[in-house]
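Novice: Numbering (our numbering) for the sequence shown: 497 to 1051.
Watch out, some of these pointers could steer you wrong.
[Claimed, not checked] Computed spacing ranges between beta-carbons, pair by pair:
| hint | residue 1 | residue 2 | range |
| --- | --- | --- | --- |
| 1 | Val1032 | Thr631 | 45 to 55 Å |
| 2 | Lys1033 | Asp940 | 22 to 32 Å |
| 3 | Gln514 | Leu723 | 22 to 32 Å |
| 4 | Asp999 | Ser929 | 42 to 52 Å |
| 5 | Arg995 | Asp940 | 45 to 55 Å |
| 6 | Arg506 | Arg670 | 45 to 55 Å |
[Stated by the list, open to error] Straight-line alpha carbon distances no greater than 30 Å define the calculated DSS-like cross-link-like pairs of lysine-lysine that follow:
| hint | residue 1 | residue 2 |
| --- | --- | --- |
| 7 | Lys981 | Lys937 |
| 8 | Lys981 | Lys965 |
| 9 | Lys977 | Lys937 |
| 10 | Lys932 | Lys977 |
| 11 | Lys932 | Lys981 |
| 12 | Lys932 | Lys965 |
| 13 | Lys965 | Lys977 |
| 14 | Lys965 | Lys937 |
| 15 | Lys639 | Lys659 |
Everything labelled a hint here was simulated from the structure, so no lab data went into it. Here a beta-carbon is modelled for each residue, glycine too, at the ideal position from N, C-alpha and C.
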Amino acid sequence: MTKEYVVVARRYRPQSFQDLVGQGQVSQALGNAINTNRVGHAYLFTGARGVGKTSTARIFAKALNCVKGPTPRPCGECDICQGITSGDDVDVLEIDGASNRGIDEIRQLRSNVNIRPGRSRFKIYIIDEVHMLTTPAFNALLKTLEEPPEHVKFFFCTTDPEKIPITVLSRCQRFDFAPVETNSILERLQFIVESEGLEADTEALHLLARRAAGSMRDSQSLLEQLLSFCTGRITVDDVHAMLGTAQSGRLSELASRLGERNAGGALAAVDLAVSEGVDVGQLAEQLLGYFRDMMAATVGCEADFMLHTSTTEYAELVEAGRRLGLETNLAAIQILDQSIMRMRQSTHTRTLLEIALVRICQLENLDDLAGIVSQLRSGVAPAPTRPAAASPRPTSPPAPVAEKKTEKIPDIASPLTVADRPATPITRESATSIWKQAIAKIEDMTADYAAFCDEVAISAPNRLVASFKASYTLQKESCEKPERKARIEQALQQVTGQRIHVDFEVRREEVSEAVRQQPRPSLRQRMRDFEKHPLVKQAIDMFEAEITRIEEPPA
497 MTKEYVVVAR
507 RYRPQSFQDL
517 VGQGQVSQAL
527 GNAINTNRVG
537 HAYLFTGARG
547 VGKTSTARIF
557 AKALNCVKGP
567 TPRPCGECDI
577 CQGITSGDDV
587 DVLEIDGASN
597 RGIDEIRQLR
607 SNVNIRPGRS
617 RFKIYIIDEV
627 HMLTTPAFNA
637 LLKTLEEPPE
647 HVKFFFCTTD
657 PEKIPITVLS
667 RCQRFDFAPV
677 ETNSILERLQ
687 FIVESEGLEA
697 DTEALHLLAR
707 RAAGSMRDSQ
717 SLLEQLLSFC
727 TGRITVDDVH
737 AMLGTAQSGR
747 LSELASRLGE
757 RNAGGALAAV
767 DLAVSEGVDV
777 GQLAEQLLGY
787 FRDMMAATVG
797 CEADFMLHTS
807 TTEYAELVEA
817 GRRLGLETNL
827 AAIQILDQSI
837 MRMRQSTHTR
847 TLLEIALVRI
857 CQLENLDDLA
867 GIVSQLRSGV
877 APAPTRPAAA
887 SPRPTSPPAP
897 VAEKKTEKIP
907 DIASPLTVAD
917 RPATPITRES
927 ATSIWKQAIA
937 KIEDMTADYA
947 AFCDEVAISA
957 PNRLVASFKA
967 SYTLQKESCE
977 KPERKARIEQ
987 ALQQVTGQRI
997 HVDFEVRREE
1007 VSEAVRQQPR
1017 PSLRQRMRDF
1027 EKHPLVKQAI
1037 DMFEAEITRI
1047 EEPPA
């Protein structure tokens, strides 16, 4: 009879606290609790999938019930340890919270907790994905959870602790499981490969470890799939072929095309990757990770901080980030992230990725743009910047065209040419005078609307705030129209010799001193005044009602 095959994730599941990878703080805390006889009655293990929550619960159960225990080092050889390992022990009950989430299942659990364990010290309930229990089920569990019999322990595991009622959380000792580090996953994968009598390139296993994103179980599942996919030595090409991902050289080439603003070259690189069997969605995810690591390298992070690329690519990432610029890098990340979200809901994934790449190629050098904005705000004229590199385009001699007379329409939003003369500084005392001089230079209705402004103040360097009374709100809104605002700012530039920005606001009317000093009527007086109102009086007569309170309208 053929022996049943057991998958890698189950065969190499940790059987002791010492085998638990990446959760040293949890192992130490639980071991100390056993040694000092401070074991609680309810524990909550939280964390992402595949980081060892259920495995820790089983190891803890063996540590408490082992014939040589309680001990932080269960023997693993007695019937109890082996029964817990196989999931057949009658005193350690594993319950799936997703399929046993109702109040009836919890009521049955409550009725069974008083039955003493058959052969062990403790009856242990391991409830996986406990956050899936319904609210009535949690309520039914509360009393038992707070004061269980001495022979009962509860171990809860969840990936979403936020969904667990606070009344349950407060009755548990909580342990948060961190994602497993990539190097720890790599070491475990190497151990498994050697134990299986196989060979694998270190970089191939490193790809699997990074792909798992902190989940030990995911990495082992990928390794299981890879063992079925290839024969002989496991290589980097085998990993990419199985996952449908692009090799690192393809990513660096594509990122280089984007840095050169070569949209045609970027689309050609995508086409080549697709022809090699690369999945478009995977390529977009990889490119987003590549730009993330480029960002980290640009801001000064070390090579071991890279999440999606090899440490051997660190120098290349630093140089690519320097050429692209941090602000442009961040903009590219946002474009890719938005495109990936749209790709998940569309069948035109390649088109959406190509649109994102072309948009990235159209980005200006945003680091230079940030400097220009800073200079404009400080009133310093920015130096001319070199335009971003563009894709090479074929040139051809211009075709002869008939000369046609056209009438040029002036762009009112463009800055006026100012005569060479010293800029006039704006002070708090001169702001109003400069405003009036500028308005006098405007010949259309804009000047009439702006004349209603009765107060001008300086809000920042080269920025004014024009205030209108509340009764002149329409005039203020007219001045805010882009074409009128542009005329006002151009007139200010003519007067001062520098670019001035204007903001408009409506000023609240000041309350007169007489009104401010007038005493507020009492509640009784206000109720009497309301009773005299015709509508209120009619309502009182119709419904035989009376006024009990007065609610002020919202401000």
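Novice: Output the indices of the hints that this structure fails to meet, ascending.
Specialist: As far as the earlier hints go, 2, 4, 5 and 6 are violated by this structure, in ascending order.
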